[in-house]
Amino acid sequence: MVELKTAAEIDSMAVTGSFIATLLDDLSGRAAVGVNLLDLEQRARDLIAQRGAVSCYVDYAPSFGRGPFANVICLSVNDAALHGLPHDYVLADGDLLTMDIAVSIDGWVADSARSIIVGTPAPADLRLIRATEEALDAGIAAAAPGGHLGDISHAIGAVAKKFGYRVNGDFGGHGLGRTMHEDPHVSNSGKRGRGMALTPGLTLALEPWFCATTDRIRYDPDGWTLRSADGSRAAHSEHTIAITEQGPRVLTCHRGFDTGLR
Numbered sequence: 001m002v003e004l005k006t007a008a009e010i011d012s013m014a015v016t017g018s019f020i021a022t023l024l025d026d027l028s029g030r031a032a033v034g035v036n037l038l039d040l041e042q043r044a045r046d047l048i049a050q051r052g053a054v055s056c057y058v059d060y061a062p063s064f065g066r067g068p069f070a071n072v073i074c075l076s077v078n079d080a081a082l083h084g085l086p087h088d089y090v091l092a093d094g095d096l097l098t099m100d101i102a103v104s105i106d107g108w109v110a111d112s113a114r115s116i117i118v119g120t121p122a123p124a125d126l127r128l129i130r131a132t133e134e135a136l137d138a139g140i141a142a143a144a145p146g147g148h149l150g151d152i153s154h155a156i157g158a159v160a161k162k163f164g165y166r167v168n169g170d171f172g173g174h175g176l177g178r179t180m181h182e183d184p185h186v187s188n189s190g191k192r193g194r195g196m197a198l199t200p201g202l203t204l205a206l207e208p209w210f211c212a213t214t215d216r217i218r219y220d221p222d223g224w225t226l227r228s229a230d231g232s233r234a235a236h237s238e239h240t241i242a243i244t245e246q247g248p249r250v251l252t253c254h255r256g257f258d259t260g261l262r
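If you're matching positions, the sequence shown starts at 1 in full-length UniProt numbering and goes up one per residue.
Bear in mind the hints are in silico, worked out from the structure with no lab data behind them. Ideal Cβ positions, reconstructed from N, Cα and C, are used throughout, including at glycine.
Label-pair restraints from in silico Cβ distances: (1) D11 to V90: 36 to 44 angstroms; (2) R127 to A7: 36 to 44 angstroms; (3) R216 to T22: 33 to 41 angstroms; (4) A158 to P221: 29 to 37 angstroms; (5) D93 to D222: 22 to 30 angstroms; (6) R127 to T6: 38 to 46 angstroms; (7) A7 to A92: 42 to 50 angstroms; (8) G94 to G29: 13 to 21 angstroms.
Subject to a maximum C-alpha distance of 30 angstroms in a straight line, what follows is the list of computed DSS-like cross-link-like pairs (lysine-lysine): (9) K162 to K191; (10) K191 to K161; (11) K5 to K191.
Working from the sequences, and respecting the hints, build out all of it.
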C-alpha cells in the first residue's frame, strides 16, 4: 500500500533527513586509513542516541540475512555492494567504503547512502562512485509530478549504460515514511511512461548501485553482506526524496528543505 504524505509530514521526514546528512558527513570525516569499521559503527550509535533518533536497522529481519540485523549502519568495503555488516576490519589506503543508514525521528524515517574513498583514490573507483551519483541526480530530476515510476528507473539505468555498468534488478529503491520499506519498489532500470504515477506526497528512497564489471551478486557467510560475484568493486548512492507540486524535493540534505538536485 502506498501512503501519500502531507506537506507537514514531508517536513518531518526532512528533519530526519537533515540529521542523516550530518551523520554521514561526520563519518566521512572519520573514515581514514587505520580506522576500524567498529569505531564508525559506535560513532553512528552515539550520534543516534544523542539525537534521540531510532535506528531502523537494529532487529530488522527480512527474508534474507542470518538473524536480525544487530547494527545501526551498513558499512560495505570494496567489493561489498550492499548490507555490509560492520565487523573488525581496519580501513586501508584506497578502500572504497559505502555507508548506508536509515533512522526514525518522531516516527518519520529517512534513508541515505554515500560512497567514499579512504586515502589514495584509484581513478576507476572515482568513476564508479561518480556514476552512482550522476544516476541519482538523473533519477531525482525525473521524479516530476505527473510522470511515472518508470521515468525514474529509466533515468538511472541510462546513466549506468552510459558509463558501461550493468544493473542488478534484485535490489533497488523503495517507498518509505512511517517505516523503512514501503511500496513501491523502485528499480534501477526501466522504461519511460511505465509504472505508477508520480503523485505529490509520494516519498521514495532512490538508490543506484553498480558493480564495476558484473551485475551478479553473492552473499557472505554472515547472510547479510552482498558482494559482486566477480570480486569487482561496488558503489552506492542514495537520497530520500518527496514528489511535490513544485518538483522533486531532496530530504536527506542539510536542513532537508532544498528543492531539486543535490
